[in-house]
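What follows is each chain in one-letter form.
Protein chains: 2
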Amino acid sequence: MNIILLSGGSGQRLWPLSNDVRSKQFIRIFRTEKGELESMVQRVYRQIRTVDPEAKVTIATSKSQVSAIHNQLGSDVGICVEPCRRDTFPAVALAVAYLRDVRGVRESEPVVVCPVDPYVEEDYFQALKSLGERAALSEANLVLMGIEPTYPSAKYGYIIPKDKKNISKVSMFKEKPTEAAAADYIAQGALWNGGVFAFRLGYVMERVRQITGFADYDGLLEGYHSLEKISFDYGVVEHEPNIEVMGFSGMWKDLGTWNTLTEAMDGPNIGKAVFNEKCENVHVINELDVPVLCMGLKNMVVSASPEGILVSDKEQSSYIKPFVSEFDHKVMYAEKSWGSFRVLDVGKSSMTIKVTLNPGHRMNYHSHQYRDEVWTVVCGEGRTIIDGTEKQVAAGDVVTMAAGTWHMVIADTELQMIEVQLGKDISVYDKQKHEPIFC
Amino acid sequence: MNIILLSGGSGQRLWPLSNDVRSKQFIRIFRTEKGELESMVQRVYRQIRTVDPEAKVTIATSKSQVSAIHNQLGSDVGICVEPCRRDTFPAVALAVAYLRDVRGVRESEPVVVCPVDPYVEEDYFQALKSLGERAALSEANLVLMGIEPTYPSAKYGYIIPKDKKNISKVSMFKEKPTEAAAADYIAQGALWNGGVFAFRLGYVMERVRQITGFADYDGLLEGYHSLEKISFDYGVVEHEPNIEVMGFSGMWKDLGTWNTLTEAMDGPNIGKAVFNEKCENVHVINELDVPVLCMGLKNMVVSASPEGILVSDKEQSSYIKPFVSEFDHKVMYAEKSWGSFRVLDVGKSSMTIKVTLNPGHRMNYHSHQYRDEVWTVVCGEGRTIIDGTEKQVAAGDVVTMAAGTWHMVIADTELQMIEVQLGKDISVYDKQKHEPIFC
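One line per chain: the protein sequences are A and B, in this order.
One gets our numbering by counting positions in the first sequence from 1 and adding 88 to each.
One gets our numbering by counting positions in the second sequence from 1 and adding 88 to each.
The hints are simulated quantities; they were obtained by calculation from the structure and are not laboratory data.
A hint or two may mislead.
Because identical chains cannot be distinguished in the list, a pair is counted as satisfied if it fits within a single copy or across any two copies.
[As the list claims (entries may be wrong)] Result set (EDC-like, lysine to aspartate or glutamate): computed pairs, CA atoms no more than 16 Å apart in a straight line:
id	residue 1	residue 2
1	Lys341	Asp460
2	Lys264	Asp321
3	Lys151	Asp433
4	Lys366	Asp140
5	Lys512	Asp433
6	Lys262	Glu142
7	Lys418	Asp485
8	Lys519	Glu267
9	Lys253	Glu267
10	Lys512	Glu368
11	Lys512	Asp306
12	Lys442	Glu507
13	Lys519	Asp304
14	Lys262	Glu326
15	Lys366	Glu403
16	Lys386	Glu403
17	Lys436	Asp377
18	Lys479	Glu403
19	Lys442	Glu502
20	Lys418	Asp377
Note that the structure is a prediction, hence the values are computed from the model and not measured.
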């Protein structure tokens, strides 16, 4: 199976766990059978591999998510990076061209496109496989997945099939109807549109050429910034008369808000939390090292991270977005391809962070124009390269770097350092990178 | 007026703002007319000074509170330090002996004893002055303050006067009756016992001699550990037939729980907090630098500090103690005589803290046997003394100190440093102090 996972989205609805560099799909919130925590993207990736160990998975995403994807899925996963944010049509176009021109998928082969964040079981990926197989054989140009609705929701799009067979031609689409209208559609056999579709690669490449004028990956990549912001639905699906829908009646949840997300938790808390006996239907997701004590709470969610603290009635939690937009969005925690960092303290002319490098990983070789830095290694072993000179470091070693100094660190074991940044107007943009030439 | 303020108490009921070194009286939670925040101890001290600028104030307390008292009230305040924790009788005995033998108060002079944490207005301290004046003249040996009850509480002690005059002989005491019994007592004119009493100094010194065998301050100090743990009520009041009570009908609140404390706040929050329009009767006290977002909360208190997060129904918040007892009580923030520190990160063999020294202040000259330390100055100017050598330091300077190195820092301006401690089993007990001989 060739599968493109669309990984987009900003992080406002699941604040404070999501932020500008950590969309909801990267929050480690689900407990695996082994008792470890995994994120939506890790869960989906694991499920695909279980159903189809040979699946060719490509994640279509933006630059800002690449580090987190490498951190969570390793460096072997296929990633197709948008040079800038457009919408789903350009993202799918680029990823399909990438599959053909970089990964060698033939134009006759089927491709399945799926969001990276549905909360589903393995039967869903079995259904994706069937969807791809159908797309390979069907005379239709697009085969959509239609999810059996569990209630007349006003927040989804509906696909209305021509007949009641499991695979049917599509009669029409209805985007976010009222609940009453939704109930009518469902009575007629309407299905939810979960944004999942399959096609033969050549079909989409031809549409891309017609719409954008670009015919291959390099062209699309170069002209990406000039592409119109348009969804795949509006750009392709709505203009295509020859579409099928295949029903799926298994478990499918859209965990877009705290309210829905906590329903998928296997216990009342992740992280340190204590509840008194008067608590009912309370979930705590606590990424801090200190405890959350809950007393007499009912139907609530509490979430704490280095970015802030949410305390919300569950139903109210879906209205979070406008409040979060007002906050100062300094990133306090981020996963990088080499590990993670957490901001410990922000001063007037300083910032202190804790840096954790995974064993065998390294930072980019870089320098800062306007700030000095001091590293104190607190744990592990590794090597620093400072202006070209390599040196062994271990817990207790201190490295001072004036502004302009080129520096990097390579972790031989897991390596933790306290980094104190000193300067006025400290910014992530004050960074020059180059590849080290000597190691 | 000679006044002894009893400053005791552990910090469990107002967790996470109070902790083992910060009892509730040190939490800065009240807004002054100037708009600044002050603690209970600062409020009471300011009120006493307003009513009686000449008042001789002595704070009877334990060693662990001395730094916080100096930090909040300056270094001029009289402090009588218990060598170890006993109960109120030994604490009062030591403070009374201190007043006579160290501060020169005569045996005929009246002394007023009062807890450090009532939430009151200035009329209360006018009443304390009258209480002292009465004690100087009265034939009674003890004059108690009796507070007019506002409801039949089961959690206070009651003083039942012989008659209804403002100053009356005491008929009997009733400790924490049922609410029904309390209502009966109140109908008979009973008053709350707020732990406030006055006496001529010589009377208590004589009782101290009879009970403990010690007759002066030095003797009490030396023999303090051998004194019985007994309250002043049980040790003295209950055995004294000649007691008066003086009524007080002004405002008096015992802010011992989050529920009562938030009633004294002048707005819904201290620190960063945002409330959506569905919140009702919610208070947030947030000592962290990041926001607390509250959505759809009713009758709740949220408090966040470096020690943890409390989210509680207000009524439930009075049952906090057993939960807090279970927590690991690592002190994450403390006020010291020279400034404050905050723990930023705790690693396996490291701890990172932010140290803030107030201008003109200095740490003790000290060393650690089992840990190395690294200071990175992030703000301000000062001088370090490292193994006897003084050096100017400013933002950006790094000082490394191997275990065994003697060190201190003197702040010429406000000085902030990131201190990384490195070693196994890092403990506050790993500290040797001596006074610097060269500065």
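Query raised in the report: For the identical chains here, do Lys262 and Glu326 meet the 16 Å Cα criterion within one copy, between copies, both, or neither?
Result: Within one copy only: 11 Å inside a chain, 83 Å across chains, cut-off 16 Å.
Query raised in the report: How would you classify Lys341 and Asp460 at a CA-CA limit of 16 Å: within, between, both, or neither?
Result: neither (48 Å within a copy, 52 Å between copies)
Query raised in the report: Are the CA atoms of Lys512 and Glu368 at most 16 Å apart within a copy, between copies, both, or neither?
Result: Answer is neither: 48 Å inside a copy and 41 Å across each miss the 16 Å cutoff.
Query raised in the report: With identical chains treated as interchangeable, where does the CA-CA distance between Lys442 and Glu507 reach 16 Å or less: within a copy, between copies, both, or neither?
Result: both (6 Å within a copy, 13 Å between copies)
Query raised in the report: 16 Å Cα cut-off: does Lys436 pair with Asp377 within a copy, between copies, both or neither?
Result: Cα proximity of Lys436 and Asp377: across copies only (13 Å, versus 25 Å in one copy).
Query raised in the report: Quick one: Lys366 to Asp140, C-alpha cut-off 16 Å, is that within a copy, between copies, both, or neither?
Result: Intra 46 Å, inter 48 Å, cutoff 16 Å: neither.
Requested in this report: Classify it for me, Lys418 with Asp377: is the Cα-Cα distance of at most 16 Å met within a copy, between copies, both or neither?
Outcome: Intra 20 Å, inter 12 Å, cutoff 16 Å: inter-copy only.
Requested in this report: Up to 16 Å between alpha-carbons, please classify Lys262 paired with Glu142: within, between, both or neither.
Outcome: neither (36 Å within a copy, 81 Å between copies)
Requested in this report: Tell me, please, which holds for Lys151 and Asp433 at an alpha-carbon limit of 16 Å: within, between, both or neither?
Outcome: neither (27 Å within a copy, 30 Å between copies)
**Report entry** Lys264 and Asp321: within-copy, between-copy, both or neither at 16 Å Cα
**Finding:** Within one copy, since 14 Å is at most 16 Å while 72 Å is not.
Query raised in the report: At most 16 Å between C-alpha atoms: does Lys512 with Asp306 qualify within a copy, between copies, both, or neither?
Result: The answer is neither: 41 Å in one copy and 55 Å across copies each exceed 16 Å.
Requested in this report: Could you place Lys366 and Glu403 in one of the four classes (within, between, both, neither) given a Cα distance threshold of 16 Å?
Outcome: between (20 Å within a copy, 11 Å between copies)
Consistency note: the structure conflicts with the earlier hints numbered 1, 3, 4, 6, 7, 8, 9, 10, 11, 13 and 18.
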